[in-house]
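If you want the building blocks of each chain, they are given just below.
4 protein chains.
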Amino acid sequence: MSISTPGEHLTSLEELRGALRRFASDRDWDQFHSPKNLAIALSVEAAELLEHFQWIPEADSAVLNPDQHTKVREEIADVLLYLIRLADKLNIDLLAAAADKIQVNATKYPLDKARGSSKKYTEF
Amino acid sequence: MSISTPGEHLTSLEELRGALRRFASDRDWDQFHSPKNLAIALSVEAAELLEHFQWIPEADSAVLNPDQHTKVREEIADVLLYLIRLADKLNIDLLAAAADKIQVNATKYPLDKARGSSKKYTEF
Amino acid sequence: MSISTPGEHLTSLEELRGALRRFASDRDWDQFHSPKNLAIALSVEAAELLEHFQWIPEADSAVLNPDQHTKVREEIADVLLYLIRLADKLNIDLLAAAADKIQVNATKYPLDKARGSSKKYTEF
Amino acid sequence: MSISTPGEHLTSLEELRGALRRFASDRDWDQFHSPKNLAIALSVEAAELLEHFQWIPEADSAVLNPDQHTKVREEIADVLLYLIRLADKLNIDLLAAAADKIQVNATKYPLDKARGSSKKYTEF
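Residue numbers (numbering that gives the first Met the number 0), protein chains in the order written: chain A, 0 to 123; chain B, 0 to 123; chain C, 0 to 123; chain D, 0 to 123.
FYI, nobody ran anything at the bench for these hints, they're computed from the structure. Among the hints, a few may not be true.
It does not matter which identical chain is meant; a pair holds if it fits inside one copy or across any two.
Straight-line C-alpha distance at most 25 Å; calculated DSS-like pairs for lysine-lysine [stated by the list, open to error]:
no., residue 1, residue 2
1, Lys70, Lys100
2, Lys112, Lys100
3, Lys107, Lys70
Put together the whole structure using the sequences plus the hints.
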């Protein structure tokens, strides 16, 4: 992820957040962007992403053809955009929240217990 | 989003990606992390996030109490972590994908047609 | 629900189950219908249903226009069809499972505590 | 599905619908049951159902252990209960809607084209 090129447009979460603010503001869409509605939209986009994988075998899901890959890339982008927007509306720092959660998970799934097991893992 | 403090741990999507790789590798979890399974997990986490908003009025969703805010922040983190992991497995650059999608949306929702309307917007 | 007209086609869950069995068998689709895949499909359909409500105010969701109503009716049907199919594959009696769950809920949400509150209700 | 025992309680969709009406009415929960909120709840329950399958291999999903089976049965029941409730609020006859949709699908997926293929099927 090329977030190392300062000055360039939209190469960080902060820049994306700013672009989404302008996008909504320019279209007078803030009225629709309650956290509740954004959480719905995020969930719907996550399902659209999942839809691309629903009938294919697990092994095939790692080797998408170019057309599938392009579509999946777009859906992944949609999920990120709504996630950035929702976090912005709730004043949540996405990177800090994720870093904190990794710490929580490290405690929750200690190496000796978690290795090779998806048992407890279902609660990740 | 404090992505401007170089040297610190986990302050960029790239660092989070690296941490998640180590996390899975250390626990021998790559066997579970097919894109199909990660897309399922992402969708499940998005629903857990949505669950916090399901019975509250739209207006209240912008003013969560501290306990709700903490839980929502954790769920948002989970969604981001799975999104980073899925994108990694599919060699997708999250920031570039999101920047491209904003361009697509700008064309799809021109200012004059989209202003104040959620009509076409339902297909965003 | 007109399940009272015996002899007519597809007027009960059992008849729908039978029709779906033939539908899948005729198309050689049982190979795709693992419970895991059906649970994914069910979740995707539930999200497509939800999509119709995502940007409309809560109050408006009770007064859909005819076009919206038709589309929502189709999505509701899709959810039921996958639910019947999944239950069939797992040998689960849908009506008995639902009747049992209502009993569980009655114990979980006693009248005196639950009245007018959506608090505990979030775990329904 | 034992819907053939008239007189017994909750052995049809109609009886379940009636029981759910009383359940909500007794608890003054109709205020929360807008179609929008019910569609959210349905989607959340579908994800909770899916969660049970997220890390298990597709083949294993057909042979759940008794504990998993019990939990999956409960989640399936929750999905059906919210589906009945949502259909009720929108005056939709679940069985008729499902029967109609099977007809639509039969036209959409003609035998000669659909056999053994999950291609077009992704739009089912």
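Status of Lys100 relative to Lys70 across identical chains (alpha carbons, at most 25 Å):
Between copies, since 11 Å is at most 25 Å while 29 Å is not.
One pair to classify: Lys112 and Lys100, alpha carbons no more than 25 Å apart. Within, between, both, or neither?
within (19 Å within a copy, 34 Å between copies)
Same-copy or cross-copy closeness of Lys107 to Lys70 [CA-CA at most 25 Å]:
between (34 Å within a copy, 16 Å between copies)
Violated hints are absent here; each numbered hint is respected by the structure.
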